[in-house]
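Residue numbers (full-length UniProt numbering), protein chains in the order written: chain Y, 1 to 87; chain B, 1 to 227.
No wet-lab data here; the hints were simulated from the structure. Built from N, CA and C at the ideal position, the CB exists for glycine as well. One or more hints might be untrue.
Unchecked claim - With the C-beta cut set under 7 Å, the calculated list includes, among others, these residues of chain B facing chain Y:
id, residue
1, Arg59
2, Ala102
3, Leu109
4, His110
To be verified - Have a look at the derived ranges for each label pair, beta carbon to beta carbon:
id, chain 1, residue 1, chain 2, residue 2, range
5, Y, Asp74, B, His110, 24 to 30 Å
6, Y, Gly19, B, Asp170, 24 to 30 Å
7, Y, Asp53, B, Pro68, 42 to 48 Å
Okay, here's what each chain looks like letter by letter:
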Amino acid sequence: MARVVVDVMLKPEILDPQGQAVQRALPRLGFQGISDVRQGKRFELEVDGPVDDAALARIHELAETFLANTVIEDFVVKVEEPAVEAK
Amino acid sequence: MTARIGVVTFPGTLDDRDTQRAVRVAGAEAVPLWHRDKDLKQVDAVVLPGGFSYGDYLRAGAISRFSPVMESVIEQAKAGMPVLGICNGFQVLTETHLLPGAMLRNNHLHFICRDQKLRVETNSTAWTADYEAGQEISIPLKNIDGRYVADERTLDLLEAEGRVAFRYLDVNPNGSLRDIAGITNEAGNVVGLMPHPEHAVEPLVGTGRTDGLGFFTSILKNLVGAR
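Isolated chain B (complex conformation) (with noise of 0.2 Å):
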């Protein structure tokens, strides 16, 4: 048997075909769940994908995070279970305080569409296991609320427990503090990036390459090796 791993669909969320897709072609099964359901239907982890949830009305991620699934994601994601949270599902982890800081305004407050160039700087999460610490990849980047802000308290302790777990590189798009793109939360299983993976699994779209294959086999992986 493979591993479940759920997609969530909010009112407003975009990518959560492409989730889906992305997880199948990982080989795992892609579950849909639905916003208004705290059923989690016994997967093994969550991907929140991207998308304008609830329309991004009052903050971006604010009013999902209220949601009866994520009741459910916010106590199994304490409890250890692993969770994606990609653009808005980004957006919402930071608002539920699953992850520290928060997403604003870019700071040239232009919507970005394109490729951007990342470092994985930990392969030490549930997400990020098959690949190498410090390697390059390459996937879509496409928002207007994407610069990561927190304190500097906060931001030495993320460096320091090495929790910056992706940067961006060659250009800071949107004014993000130290050119953070992800981050991870204590425990490795709770992980949040502005970047798309899931456009990036197959080489006819996206990119042209599948550099974010690897958040799907790696969680893939997490799961079946702990069986």
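The following block holds chain Y by itself, in its conformation from the complex (with noise of 0.2 Å):
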């Protein structure tokens, strides 16, 4: 089984007044030197089979049609590398 990860952020030229409001607290807990924050959403989608590339471009299609509204978000499709089993 492998992971893929879909990473939805609003698109540069939109408004995210969420990001802001984060950004804005920052100071007040000590947190100094961050001039902005964007706030996007993470997908972790577990794959059964290889991850093919039909099977990315299934993937890719959900997120076009479904996990992004691609008048407002871009999104970017990654492959996770499976993690070393600890012994």
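If you follow the hints, you should be able to join the two separate chains into one complex; please do so.
Here it is, written out as structure tokens:
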């Protein structure tokens, strides 16, 4: 089983008041030097079977039609390397 | 025989009963429609009411868009059937791309609930024929995801084609671009807006006015006149 990650972010030109609210809270918490925060969504998909080109194409379609609204959001599909099993 | 107007209930819909009532107050027959049912029961028009369908999970309206009832609504809307989306219903209509643009969290991040003044910009839609173009109305507004956005090209196109159907007056309550409160598709059969006409159809409740009733009398005239 492999994991595919879809990251969804608002397009750069879209105002993100939630990210701004987080950014504005940072100095109050003692975190300095962060000039901008943008908030997005991360989806972790556990895929049965091999993550081949066909599977990735299906996931791309799923991201484009459902996970992201491409009127306002961009997305990136990444295959996550399996973590090394702890001994 | 009067017009049959379907009102869809999704899990999490809140305003289906008020919408059914508004339909009846206007003199039409309200037909409840269920999200899992593809059958539109031969209605003449459909209203997608307000609420938080599917908990607004993912994005407001994003999951409702794929419900069985919406398959039929989308198909019929494209064939010319009048569809009105109010609040969450408007969000569903943008997610289906029957209407352009998208709805986002209010720019100030607060839920708003108040009476809102609007200008009806066009009366050449199926749902606004009973208003004068330029008429000012006051109806309730209540949402947190009410900020209408679209790219500049789309906004210019909407303005040029007279498809901005409603604009906020006095104050822009949520950061919507160009003060847009509602829009229509090119044919004028599909209309969406954030404020709630169904809560302003009787003087006893809501704003104390009946400014929202015109939506429902408009569609009734439109349908009965077409017969």
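Each hint tested on the structure:
no.: 1; hint: Arg59; result: holds (6 Å)
no.: 2; hint: Ala102; result: holds (4 Å)
no.: 3; hint: Leu109; result: holds (5 Å)
no.: 4; hint: His110; result: violated (10 Å)
no.: 5; hint: Y/Asp74 x B/His110: 24 to 30 Å; result: holds (27 Å)
no.: 6; hint: Y/Gly19 x B/Asp170: 24 to 30 Å; result: holds (29 Å)
no.: 7; hint: Y/Asp53 x B/Pro68: 42 to 48 Å; result: violated (32 Å)
The earlier numbered hints that this structure contradicts are 4, 7.
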